[in-house]
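K.L.:
The chain contents come next:
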Amino acid sequence: MTGSELDVSGLPSYGFGHRSLMWWGTFGLIAIEGTLFALAIGAYLYLRSQSDTWPISAAPPLLLWGSINTLILVVSMWPNHMTKRAAEACDRVRARRWLLACLLFSLVFLVVRGLEFATLQTRWDSNAYGSIVWMLLGLHTVHLLTDTYDTAVLVVLLHTGPMEAQRFVDVSENALYWYFVVISWLPIYAVIYGVPRLQ
Amino acid sequence: MNAPDHAPRSRLKDGPGGGSREAAALDDTWRDPPGLLGWLAAVNHKSIARRFIVTTFAFFVAGGILALIMRLQLARPNAHIVGPDLYNQLFTMHGSTMMFLFAVPVMQAVAVYLVPLMLGTRSVAFPRLNAFAYWIFLFGGLMLYAAFAFNAGPDAGWFSYVPLAGPDYSPGKRVDFWAQMITFTELSALLEAIVIITTVFKLRAPGMTLNRIPLFVWAMMVTAFMVLFAMPSVMLASTMLIMDRLVGTHFYNPAEGGDVVLWQHLFWFFGHPEVYLIFLPGLGFLSAIIPTFAKRPIYGYTALVLALIATAFLAFGLWVHHMFAANLPELGKSFFTAASMLIAIPSAVQIFCWIATLGSGRLDFRTPLLFVLGFFFILVLGGMTGIMLASVPLDLQVHDTYFVVAHLHYVLIGGAVFPLFGAFYYWFPKFTGRLMSERLGRWNFWLFFIGFNAAFFPMHLLGFQGMPRRVYTYQAGLGWDGMNLIATIGAFVIALSVLLFIVNALRSLRRGVEAGDNPWGAGTLEWATASPPPPCNFYAIPVVHGREPLWVQPRVKSDGPEEGGQPAFTHVSGLAADARELLATTVLDARPDLRLNFPDPTIWPLVSAIAVTVLFIGSIFTPWAVVWGSIPIAIALTAWFWPRRPETLLHLSLERRP
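Order-wise, the sequence lines are chains A and B. Quick note on numbering: my numbering labels position 98 of the first sequence as 99, and the sequence is numbered without any gaps. Quick note on numbering: my numbering labels position 98 of the second sequence as 1492, and the sequence is numbered without any gaps.
One should not assume that every hint holds.
[Said to hold, decoys possible] Covered stretches of chain A (chain B as the covering partner; in silico rule of three or more C-beta atoms under 8 angstroms from a C-beta of chain B):
# : region
1 : 29-43
2 : 164-173
[To be verified] Here are a few chain B residues that face chain A, going by a calculated C-beta distance under 7 angstroms:
# : residue
3 : H1644
4 : F1963
5 : H2045
Calculated directly from the structure, the hints in this document are not laboratory data. Please read these numbers as outputs of a predicted model, since none were measured by experiment. Glycine is no exception: its CB is placed at the ideal position from the N, C-alpha and C atoms.
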């Protein structure tokens, strides 16, 4: 071919953060899921605005397990952060150690999440209040479940699988998604546990 | 960057261009595998997009046939061709098909084909996800039509208002199929949006800065962003609906603290942006076609981009104007009236830019341009009635009448289908290598234009005279007979024109005039490669020096270093030709940044889509399907992700640290 060539053969073959495609894919998911959470919270507040009493024929959810779980989720950002750092240093040994810590955290908060459902003080089929509370908690729990499964797959991969640098990018972006799952919980926690206590 | 001595182990590198050993290797690398299994495993964006376009067009024809049956029924008073129950299914299926199975997905399908070519790259980002999105869409559409074939087609209207669509007034499975069809198609659209956004931001050819991105690509990217924020709303709403119907929740049940207007808010928070999801890609087609046939660059590029973005923002502030007949605060209605008027401003900016381009160009009246001019006429009429409907008193007068049917068809067919047909004529030579017949194209256009106006203009008047929507018949002597007959004749003229289009496309596929690379003398990158493009799109990735790269000559090397400047690069070299390696560039300036490995074809996206289909359809019949159905999905997705050793070894040989 005639003309002048722009030789790119020396470029790096991977990059972290917004240089990677995976970051943009994760960003898109976060935009979608964030919108979903915001709309579900909007639906909660809308239903509340249409009702004379709130919560409808139920006591507010018990604070104990929800608050403990919030604490666990917030603390889990620390092993998550260490995983992200290890991944970005392409340090396989440290990455799998911290990722395993994340996985243990996620098993704990999944168990506590079960206790949260048990102390909501209402059922999904009792009335609209029960429906939307179960919806909010259920939506977030689906994210906990998928993130736990993703993390488990990555743990196995870091121990057994064929590795290349791109897999560290995957671990790093999984950590980004984890941040989202934790941070998006805070407004949901405030709505589920706080709003029924407002006068 | 220019340090080949530091490059990884020597391999076959691209750069030499067509006809070389490297070009043949590139073709082998990017081609889909042979055989039936290979066909099912395909991930090349052009293969997936071709299937996607054909599938959406098949749904368009199916939805059109449903409309013809309705028009036959309404051609004269007291007709008995179909009964009220089937009629309810017909209009629901027609609306749902056209909105969810045709209008939005066809635009994304065309984008999946064209965007990588226009950006000068070899693939979309996430090619496997792209394949998965297609399969999910196909299965969702087939499920809806299978249900319809078994007399379980949805019958509560394309927007399925509760309480009619709720468990009390719509027992049976009909609305459940509708709600799950929403889940399928919106999942597909959301994934395609991620694919398009990532492709546009990261895979542009070097030199294609943000302000050189073709306007069609801008339109599709803005559309993709709108999808991200609009579609979750209808998915949430339809999930809540199906839960009300299947597991006894009370989101929309007023007796237990639920609220039916919640459905309307959630639905139209999606539904109004949906109109613009259909309309913005149409605007993108126009901005691609007009400069080519006016033989000059587009007037007001920056204004057009800003108008697209402004339209997207405003589209989220209009949803309540679909709900003026519901009991809402009057002040709120005034706000939404004002917002609805406001969106006329960016729309007008775009129309004036196109008129300026057309007015100062040398026009070449080929079929694509005819459809563009048809757009102007029809859309302006639809926009006028839109301004009428945005005002509360007038809206209440014509609410639920044929006036609204006329308005929405003027907007959607004028705003999206006319540009889409223009786009088919315009890019058909790129897709197939052959031009479509101009003579049949003119017949296609004029029959469509005349048939459309005959079918839908009388509906304005029918609406003023009080004919309600969604009635399966009407009595004689109300003064509606003549105009209904004209509308039916118009509908059949449209059908004839679409038939001519299909004949034209099939004939041209075999016997059309050979197109060559650039039959229209256009300026964007998709015309820089062969027609149809080779599996790798470009044997050498071009370097871009302007908005219409083919109309801009890069400075030749001779006035380069001698005069102290950089030599102008013409193309990229040094990407592996025997591995799926792609160039990623920076988001704003499109500087070369990374050489990325792309995944090979695989059957797992299809298997995953089948697993997801089992869960979605199973959940209509038992909520436990969500539990056991997620196990095969988890297995399939893990197998999809799990790296293969040979592929990893290949990537390792090309790996280089940042």
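K.L.:
The structure should be examined with respect to each hint, and the outcome stated for every one.
P.N.:
Taking the hints in turn, this is what the structure says about them:
| no. | hint | result |
| --- | --- | --- |
| 1 | 29-43 | holds (count 9) |
| 2 | 164-173 | holds (count 5) |
| 3 | H1644 | holds, 5 angstroms |
| 4 | F1963 | holds, 4 angstroms |
| 5 | H2045 | holds, 5 angstroms |
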